[in-house]
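*Asks:* Residue numbers (the working numbering): 28 to 346.
Don't take each hint at face value.
[What the hints assert, rightly or not] Straight-line alpha carbon distances no greater than 30 Å define the calculated DSS-like cross-link-like pairs of lysine-lysine that follow:
#1 Lys277 / Lys163
#2 Lys43 / Lys277
#3 Lys83 / Lys125
#4 Lys43 / Lys340
#5 Lys277 / Lys235
#6 Lys156 / Lys235
#7 Lys303 / Lys125
#8 Lys340 / Lys156
#9 Lys303 / Lys43
[Claimed, not checked] DEER-style ranges, computed between Cβ atoms:
#10 Asp311 / Gly134: 49 to 55 Å
#11 Gly39 / Ile336: 31 to 37 Å
#12 Lys163 / Glu238: 19 to 25 Å
#13 Gly326 / Asn282: 21 to 27 Å
#14 Glu244 / Gly206: 35 to 41 Å
#15 Glu196 / Gly251: 32 to 38 Å
#16 Glu244 / Asp311: 22 to 28 Å
#17 Thr61 / Thr88: 23 to 29 Å
#18 Gly264 / Lys98: 53 to 59 Å
#19 Glu238 / Pro152: 54 to 60 Å
#20 Gly39 / Gln346: 27 to 33 Å
#21 Gly191 / Lys235: 21 to 27 Å
No lab work stands behind these hints: they were computed from the structure. The structure presented is a predicted model; accordingly, all values stated were derived computationally and were not measured. For glycine and all other residues, C-beta sits at the position ideal for the given N, C-alpha and C.
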Amino acid sequence: MSVLVYTESEQGTLKKGAFEVASYAKAVASQLETTVTAVAINANNTSALGNYGVDKVLNVTNTQLETFNAKGYASVIKQVAENESANIIIVSSSADSKYLAPLLAVGLQAGYASNVIEAPTNTSPFTIKRTAFTNKAFEMIQINTDTKIIGVSNNSFGLVETTGNASAEEFSANIPDLGVQVKSTDKVTDKVTIADADIVVSGGRGLKGPENWGMIEELANVLGAATACSKPVSDLGWRPHGEHVGQTGKPVASNLYIAIGISGAIQHLAGINASKVKVVINTDAEAPFFKAADYGVVGDAFEVVPQLIEKLKAFKAQQ
């Protein structure tokens with residue numbers, strides 16, 4: 028009986044989060060003195076998972092699953108879990124995994140905890156720590172079902188490299204009727220995605236218009252960051268809705284979140300509270316964001332950001 032971990036991929040490449048959940052699974056397996064088995068769907072180069080504690084990888088290759096489908100993916104993971112007699116399944120807390128995990132929990136009659144940030148403090152009873160109230164608090168909970176599903180919060184546990192090799196096997200899964208058919212998918216391929224970014228640079232109405240977004244993108248390029256925006260910005264059509272972060276947009280759990288010209292409405296703060304370090308640049312010293320930020324700069328973004336870019340470029344040139 029091994030710990031099973033679902034390792035997400037996109038266009039055949041394992042996501043950074045796949046290695047984080049593998050690291051978490053290894054920590055749990057060490058507590059239980061067992062091994063780690065990973066399931067990967069249409070992924071390449073899965074041998075790299077061995078560097079993060081995975082002992083065996085089960086590869087599922089199927090053209091019907093080239094586009095994410097919660098029903099199909101949950102069915103595959105359920106079949107693998109039953110085949111491996113795994114009663115602990117680790118997934119990420121990404122948007123995709125939050126769609127499939129409840130379906131998987133119903134199928135396996137399992138307890139499910141999302142947004143988990145630490146390895147279990149106890150395995151009998153199985154006790155874990157997770158965030159609650161949109162990352163404003165923590166809670167210790169017990170999962171008492173025989174089968175347990177744990178959703179690991181992004182950038183919470185980190186990547187823990189080990190020395191090891193992962194064997195690879197093909198797994199043939201029965202694919203259910205998926206109910207929908209995806210005709211085409213348009214994705215941005217030349218930018219860092221918000222979900223996988225260690226650093227996010229976000230802009231608000233303080234930038235005054237879409238014509239001023241160049242400095243946000245330049246700062247992001249210097250930092251290797253993803254770009255994001257507040258809800259009013261996307262509502263005004265300045266930026267795509269896919270860049271909207273906050274409670275009603277995409278959640279952000281980056282290591283560094285830089286907010287430029289964003290006042291910090293409660294809905295926005297709720298969506299980015301899981302970020303480890305928050306920096307705000309705003310002309311209004313009374314903006315709510317300053318109360319939530321780790322670092323704040325009271326100043327005009329059109330003066331501060333160009334200087335910041337210049338200093339960062341100079342610093343990188345010395346490395």
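*Asks:* Decide, hint by hint, whether the structure agrees.
*Replies:* Results for each hint:
1. Lys277 / Lys163: Between lysine 277 and lysine 163 the Cα gap is close to 17 Å, so the pair holds against 30 Å.
2. Lys43 / Lys277: holds (18 Å)
3. Lys83 / Lys125: holds (24 Å)
4. Lys43 / Lys340: OK: lysine 43 and lysine 340 at ~26 Å, within 30 Å.
5. Lys277 / Lys235: The given pair, whose Cα atoms are some 23 Å apart, holds under the 30 Å limit.
6. Lys156 / Lys235: violated (41 Å)
7. Lys303 / Lys125: OK: lysine 303 and lysine 125 at ~21 Å, within 30 Å.
8. Lys340 / Lys156: Violated, at roughly 40 Å.
9. Lys303 / Lys43: Roughly 17 Å between the alpha carbons, so the hint for lysine 303 and lysine 43 holds.
10. Asp311 / Gly134: 49 to 55 Å: Holds, since aspartate 311 and glycine 134 (Cβ atoms, about 50 Å apart) stay within the stated range.
11. Gly39 / Ile336: 31 to 37 Å: At roughly 34 Å between Cβ atoms, isoleucine 336 and glycine 39 fall inside 31 to 37 Å, so the hint holds.
12. Lys163 / Glu238: 19 to 25 Å: violated (36 Å)
13. Gly326 / Asn282: 21 to 27 Å: holds (24 Å)
14. Glu244 / Gly206: 35 to 41 Å: Because 38 Å falls inside the window, the suggested range holds.
15. Glu196 / Gly251: 32 to 38 Å: Since glutamate 196 and glycine 251 have Cβ atoms about 35 Å apart, the given range 32 to 38 Å holds.
16. Glu244 / Asp311: 22 to 28 Å: holds (24 Å)
17. Thr61 / Thr88: 23 to 29 Å: holds (27 Å)
18. Gly264 / Lys98: 53 to 59 Å: violated (34 Å)
19. Glu238 / Pro152: 54 to 60 Å: Distance hint for glutamate 238, proline 152 holds at roughly 57 Å.
20. Gly39 / Gln346: 27 to 33 Å: Once the Cβ atoms are compared, 32 Å apart, the range 27 to 33 Å for glutamine 346 and glycine 39 holds.
21. Gly191 / Lys235: 21 to 27 Å: Once the Cβ atoms are compared, 53 Å apart, the range 21 to 27 Å for lysine 235 and glycine 191 is violated.
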